[in-house]
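Visitor: Sequence:
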Amino acid sequence: MEESRIEIKSKKKLGDILFENLTLIFALMIVGLVVFISIEMYIDSAESRERFGLGFIFSSNWDPVKEEFGALPFIFGTIVSSLLALLISLPVSIGAAVFLSEIVHKSVRTPISFLIEILAAIPSIIYGFWGIFVFAPFMRNTVQPILQSTLGFLPFFKGTMYGTGLLTAGIILAIMITPIISAITRDVLKAIPVSQREAAYALGATKWEAIKMALLNARSGILGGAVLGLGRAIGETMAVTMVIGNKAQIMASLFEPAYSMASVIANEFAEASGSLHVSSLIEVGFILFGVTFIINSLARLLIYSVTRKA
Numbered sequence: 005m006e007e008s009r010i011e012i013k014s015k016k017k018l019g020d021i022l023f024e025n026l027t028l029i030f031a032l033m034i035v036g037l038v039v040f041i042s043i044e045m046y047i048d049s050a051e052s053r054e055r056f057g058l059g060f061i062f063s064s065n066w067d068p069v070k071e072e073f074g075a076l077p078f079i080f081g082t083i084v085s086s087l088l089a090l091l092i093s094l095p096v097s098i099g100a101a102v103f104l105s106e107i108v109h110k111s112v113r114t115p116i117s118f119l120i121e122i123l124a125a126i127p128s129i130i131y132g133f134w135g136i137f138v139f140a141p142f143m144r145n146t147v148q149p150i151l152q153s154t155l156g157f158l159p160f161f162k163g164t165m166y167g168t169g170l171l172t173a174g175i176i177l178a179i180m181i182t183p184i185i186s187a188i189t190r191d192v193l194k195a196i197p198v199s200q201r202e203a204a205y206a207l208g209a210t211k212w213e214a215i216k217m218a219l220l221n222a223r224s225g226i227l228g229g230a231v232l233g234l235g236r237a238i239g240e241t242m243a244v245t246m247v248i249g250n251k252a253q254i255m256a257s258l259f260e261p262a263y264s265m266a267s268v269i270a271n272e273f274a275e276a277s278g279s280l281h282v283s284s285l286i287e288v289g290f291i292l293f294g295v296t297f298i299i300n301s302l303a304r305l306l307i308y309s310v311t312r313k314a
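Numbering-wise, the sequence shown is residues 5 to 314 according to the numbering used here.
No lab work stands behind these hints, which were simulated from the structure alone.
All residues carry an ideal CB built from backbone N, CA and C; glycine is no exception.
Watch out, some of these pointers could steer you wrong.
Quick list of the computed label-pair ranges, beta carbon to beta carbon [said to hold, decoys possible]: (1) 304 / 127: 24 to 32 angstroms; (2) 95 / 256: 17 to 25 angstroms; (3) 156 / 32: 51 to 59 angstroms; (4) 61 / 107: 44 to 52 angstroms; (5) 156 / 207: 47 to 55 angstroms; (6) 202 / 254: 51 to 59 angstroms; (7) 43 / 278: 17 to 25 angstroms; (8) 133 / 87: 18 to 26 angstroms; (9) 125 / 253: 32 to 40 angstroms; (10) 127 / 297: 24 to 32 angstroms.
With a straight-line Cα cutoff of 27 angstroms, these simulated DSSO-like cross-link-like pairs (lysine-lysine) come out [what the hints assert, rightly or not]: (11) 251 / 162; (12) 110 / 194; (13) 216 / 110; (14) 194 / 211; (15) 211 / 110; (16) 194 / 216; (17) 251 / 70.
Taking the hints into account, I'd like the entire structure generated from these sequences.
Guide: Shown next as structure tokens:
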């Protein structure tokens with residue numbers, strides 16, 4: 005009897021060891037894949053790095069004919085369009101999440117949630133087509149003239165009204181990341197125990213005060229959703245390529261055409277003839293990888309600081 009018990013314990017121990025090692029291998033595979041991608045891009049961008057050095061990041065000149073390359077306009081376009089998208093999307097997403105989790109009746113909640121989440125299933129190329137054929141003319145004929153007539157004293161709303169540009173790209177990205185942020189925020193709010201809301205009402209809190217309490221408790225989850233949305237906005241390619249204007253320049257006006265790192269890779273990689281051109285595009289991709297990594301790392305540190313204080 006004792007021998008059988010010892011045998012069962014040893015089998016369970018062996019199974020636990022195998023399971024732990026198997027999951028460890030899976031985790032190391034993901035880490036190894038990230039390291040492998042980083043090393044490959046670093047090696048393949050060697051020609052560009054040796055030719056331009058750190059000046060590649062701070063240079064605004066991009067001329068494949070003269071073989072002069074600088075990534076600053078693409079970094080600028082990527083960061084500005086992504087931050088614009090987050091600035092526009094975050095209030096809308098939080099409002100939609102609060103409405104769905106705290107206010108709307110159950111019979112209406114499901115269809116509205118479905119309509120919001122289905123936006124995430126639409127391919128980005130469809131957003132691009134809609135943006136260039138429908139939204140860009142609307143921006144050129146309606147939105148941009150209103151902004152220029154009312155806020156034209158600001159440098160952000162001056163310049164020629166093309167319809168395409170940084171502002172249009174930011175709004176398209178905001179529409180694309182809203183389902184992600186709103187869905188995560190709604191789930192986080194729903195995960196807060198009902199007893200906390202009942203306790204707030206018992207102490208005389210109004211509905212708005214109870215909602216504010218829930219938002220404060222869910223701030224780390226909301227921040228996580230915002231980071232996921234920002235990550236998608238930074239890496240988005242086709243939709244941005246079709247509406248941002250694709251011009252390597254740095255301008256204060258949000259009406260002006262710009263370029264993103266993902267867009268220049270998509271537009272020029274297949275047609276790049278020289279090895280230096282290809283190496284420069286790979287270095288742009290390496291910078292995009294680094295920017296994404298840094299932003300997500302900083303966001304994780306911010307989430308950790310918030311949860312630690314809580």
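Visitor: All the hints need checking, so say for each whether the structure fits it.
Guide: Evaluation of the provided hints:
no.	hint	verdict
1	304 / 127: 24 to 32 angstroms	holds, 29 angstroms
2	95 / 256: 17 to 25 angstroms	holds, 24 angstroms
3	156 / 32: 51 to 59 angstroms	holds, 56 angstroms
4	61 / 107: 44 to 52 angstroms	holds, 47 angstroms
5	156 / 207: 47 to 55 angstroms	holds, 49 angstroms
6	202 / 254: 51 to 59 angstroms	holds, 54 angstroms
7	43 / 278: 17 to 25 angstroms	holds, 23 angstroms
8	133 / 87: 18 to 26 angstroms	holds, 25 angstroms
9	125 / 253: 32 to 40 angstroms	holds, 34 angstroms
10	127 / 297: 24 to 32 angstroms	holds, 26 angstroms
11	251 / 162	holds, 17 angstroms
12	110 / 194	holds, 13 angstroms
13	216 / 110	holds, 21 angstroms
14	194 / 211	holds, 15 angstroms
15	211 / 110	holds, 17 angstroms
16	194 / 216	holds, 14 angstroms
17	251 / 70	holds, 17 angstroms
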